[in-house]
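Undergrad: Sequence:
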Amino acid sequence: MTNNEIKYITMEQIRDTRSRAPKASSPRKMVLLRLDEDEFAVLDGMAKEESRSRSNMARLLYLRGMKEIKGSKGE
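In my numbering, the protein residues as written are 199 to 273.
None of the hints are false.
25 angstroms max Cα-Cα, derived DSS-like pairs, lysine-lysine:
1) K246 - K221
2) K268 - K227
3) K265 - K246
4) K265 - K227
5) K221 - K265
DEER-style ranges, computed between Cβ atoms:
6) R257 - S223: 13 to 23 angstroms
7) G269 - M244: 16 to 26 angstroms
8) E237 - E266: 14 to 24 angstroms
9) G272 - E235: 31 to 41 angstroms
10) G272 - S251: 27 to 37 angstroms
11) K271 - K246: 28 to 38 angstroms
12) I267 - P220: 17 to 27 angstroms
13) E247 - S224: 24 to 34 angstroms
14) Y260 - D236: 10 to 20 angstroms
15) D234 - R257: 12 to 22 angstroms
16) G263 - D242: 14 to 24 angstroms
Note that these hints are calculated values from the structure, not bench results. All residues carry an ideal CB built from backbone N, CA and C; glycine is no exception.
Make a model of the complete structure from these sequences and hints.
TA: In structure tokens, the structure reads:
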């Protein structure tokens, strides 16, 4: 494999691990989330680490939390 092929494979793998919101056929609903300064700083840091927007990071955390809650209830 050449270096370019390795870089391409690596980029594809990175893209596959992303959790993007699916394209919506109708407008998405918005939710306002109030965070204190420390919570905001943690969210901001996590988003920067993963090169995500704060909004996308908050959505990802919501989805992970819902999955865990549903799993703990045996659903």
